[in-house]
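Trainee: The primary structure of each chain is shown beneath.
There are 2 protein chains.
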Amino acid sequence: MKRYQALAADIAASIRNGTLKPGDKLPSVRRASASRHLSPATVFQAYYLLEAKGLIRARDRSGYYVAHGAKALPPEPETASKPDGEARPVVISELVVRILESAMTRDVVPLGSAFPSPLLFPFERLGRATAVAMSQLDPWSTVSELAPGSHALRQQIALRYLVDGIHIRPEHIVVTNGAMEALNLCLSAVCKPGDAVLVESPCFYACLQALERFGLHAVEVATDPRDGIDLDALEAAIARHRPAACWLMTNYQNPLGSAMSEAKKHALAALVARHRLPLIEDDVYGELYFDNRRPTPTKGFDGDGWVMHCSSFSKTLAPGYRVGWTSPGRFLKQVTYQKLTTSLATSMPGQLGIARYLERGSFERHLRGLRLSLRKNRDEYIDAIGRHFPAGTKVSRPSGGYFLWLELPGAVDALALHDKAMAAGISIAPGPMFSASRGFGACIRVNYGHPLTARVEAALRTIGKTAIRLAA
Amino acid sequence: MKRYQALAADIAASIRNGTLKPGDKLPSVRRASASRHLSPATVFQAYYLLEAKGLIRARDRSGYYVAHGAKALPPEPETASKPDGEARPVVISELVVRILESAMTRDVVPLGSAFPSPLLFPFERLGRATAVAMSQLDPWSTVSELAPGSHALRQQIALRYLVDGIHIRPEHIVVTNGAMEALNLCLSAVCKPGDAVLVESPCFYACLQALERFGLHAVEVATDPRDGIDLDALEAAIARHRPAACWLMTNYQNPLGSAMSEAKKHALAALVARHRLPLIEDDVYGELYFDNRRPTPTKGFDGDGWVMHCSSFSKTLAPGYRVGWTSPGRFLKQVTYQKLTTSLATSMPGQLGIARYLERGSFERHLRGLRLSLRKNRDEYIDAIGRHFPAGTKVSRPSGGYFLWLELPGAVDALALHDKAMAAGISIAPGPMFSASRGFGACIRVNYGHPLTARVEAALRTIGKTAIRLAA
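Chains A and B, in that order, are what the protein sequence lines are. 35 is the number that full-length UniProt numbering gives to position 35 of the first sequence; each next residue is one higher, with no gaps. 86 is the number that full-length UniProt numbering gives to position 86 of the second sequence; each next residue is one higher, with no gaps.
Next comes chain A alone, as it looks inside the complex:
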């Protein structure tokens, strides 16, 4: 964060906690510059930013004042979901397809998108790495490195596990066509049609779509918007439904943004081992943390191989390359077989390009920049939502990833809000997409993976206004 941004954040916080009240005059640029030991230009930039956000207003020849519309930050959602605990077949595809299709043109403001801005990724460097890797391709490797994937890439993935203190050998990793394929392979390796699968409430719609395709039943389990699934509820659901698997996102869950503590993950690993329950751990956002270090996934506490850890480079490095992986523990053989018979192998140029890029060691630097961008976006989006959304709107405070979860007040119907937003050229992801029982009718997921431009700010204002009308 630059100095002027830090100053602006500081002043914004004072406005929100009431130290500065609407109508209060801000110190002059000159005085602020002296007292804060900053250049006048820096102070001016900060004021300019606060003005652009609508928090302060300039009066001619008189200076800056706290704006009357400046509001406190919206509160966080605090209570865990309360699903009914039933197992049910999933019928979600029509709703999800309708919503995803409506958002698939570039003209739409992508607040409902599942992808961050592609401009955040080092495509040039990756392209050069791919070019070099392909110029050195051993033709025989196209035959010998089929199902488990490129050995060079699996070594790099094993190294990253090792940095996080997790010992996984390259031979225990299967490279896949993105995390989506990894999750599907794990699911089909351990489930047969009619089986029950435990999922979060709410959970990622692609999980529900996979359950629907395989003819599996979803059991939604209570989940807290801050620290994830409720372990007592999980254990009760295991006892009641004898599920074939459990599918969770333990870090920066999509859509909640929740993150389980390490203690909780430790307990979760012990719990699934005790019940001999395969845990499919979707960890695609783990690298996008805003705190000090990568949160250890449940896989890090997995002694007996019940955790099938899935991740990818699609959200961290190389969108479109479709390179993911799984480390499926005791189900390695079954998952490898599923991979062989589903798609045989993962595309070599993508695998080798990423392996080469990782070998060159610039991944960490790129990740640092990516995390800073996303954290900045998060703060600005929460600010903007506070300015534009109806009073009583609750907004999550994710410590990683790029999704906000909003609980709207009153009787706002998220599906109706979606339709009105689309009519204005804006996509949002309405809550019922994330639930087999079509819950969360007053919730939406907002993607903050794109910078808060004037266009995005205007889109948030439009949605906020529409929500205010719908709430009335």
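Note that these hints are calculated values from the structure, not bench results. Nothing false has been slipped in among the hints.
Calculated cross-link-like contacts (lysine to any residue; reagent style SDA-like; alpha-carbon spacing at most 20 angstroms):
(1) B:Lys333 <-> A:Glu94
(2) A:Lys376 <-> A:Ala6
(3) A:Lys333 <-> B:Met104
(4) A:Lys333 <-> B:Glu212
(5) A:Lys53 <-> A:Ala458
(6) B:Lys333 <-> A:Val91
Derived coverage of chain A by chain B (criterion: at least 3 residues anywhere in the stretch with Cβ under 8 angstroms from a Cβ of chain B; other residues may be distant):
(7) 180 to 186
(8) 321 to 331
(9) 345 to 359
Treat the numbers as computed from the prediction; the structure is a model and nothing was measured. We put the CB at the ideal spot given by N, CA and C, even for glycine.
Using the hints, position chain B against chain A.
Mentor: The following block gives chain B in isolation, referenced to the frame of chain A:
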């Protein structure tokens, strides 16, 4: 084919049809050179090649004679298979995995492999095309070109259809992670667990593996080693089993090498339309023809969209890139949905590299060379099998692709032969891999996608000797 090879083939044909008999003296190099208008060096090379193949023998200071071991070419298998017509759940995975795994090291002579030599493909040019394509990547395309795939690539695929007289718009093509994924997506788009699917007898084991994974029942239909599935038997099976789909390879079928005539394909297209039966047409070998032109697939006669045509670049251009596609006719929407929820998208570097390569126009030249290499291999392998295998062995005469289908005489057990071959470091593909009812116990598939080196010749000799022992 070079001149000396043509001369050698000519003489070999005379030996086999009896014009030249064992013990006959060949014309001297000088005389042959004069009468054929070839250089003495060319004639000598031809004689040397025939000697290496064991067809002629040099006597000191006397010249070349037809060898006593020189045999007629082995006969072709002629009768169609006679499966029992029952629908049965498929249990094949263990057998197939055991056989594929045993052959997965580079040390093994890959006669049982499903892949041709990787040295037949233009990896350098492809690598350069990929490098250029990735240097021009539009980051936004990684979001907007998800499920159906790169538009540039789909245009190139549509163009190739057009060259063959088939009108398919780019919008009706879904790019997949190889043909394997295309076939799986088509299957899951039109079938649900417990449905019956009609397949050839024998059929490609990956088809059986897919049926097993989806819980589908296989109905094997009589198939002729020359011209493919029996349409009367197919229609009878439709009436009896009310199948959800039919999965066929109409060109150079794996493992038989059979090819359906265009008239038969025309009738097939009409038949499936009449019965409103989805036909999954696996056409990965269609470009590897040895005659004058690409055989039209059934898709070319598909008026009502019942044919789901699947193919890939893996056998023709870019092994390891895992880029295939399907043109699924009336099931476009369902297949696109399956793709979105199975693996979301196909890897961009592979797609864009191939699109760029195709745009540059060197594909046809590469294909011509590839077809010539494979045709030469076919002739040499049939020759060698004639020399080394037990009398009564029947060998198919495929007019494309790279597989021979062998019916062994007597009570040869192909699985036992496989085990003995593996012990000698040679893989073969035993017949029971290709049948849900474990038929074809005396048949094997031989891959001729690798040049007939001394090592391969020795391997064929070893297998032939073992078969002779097992037949006794």
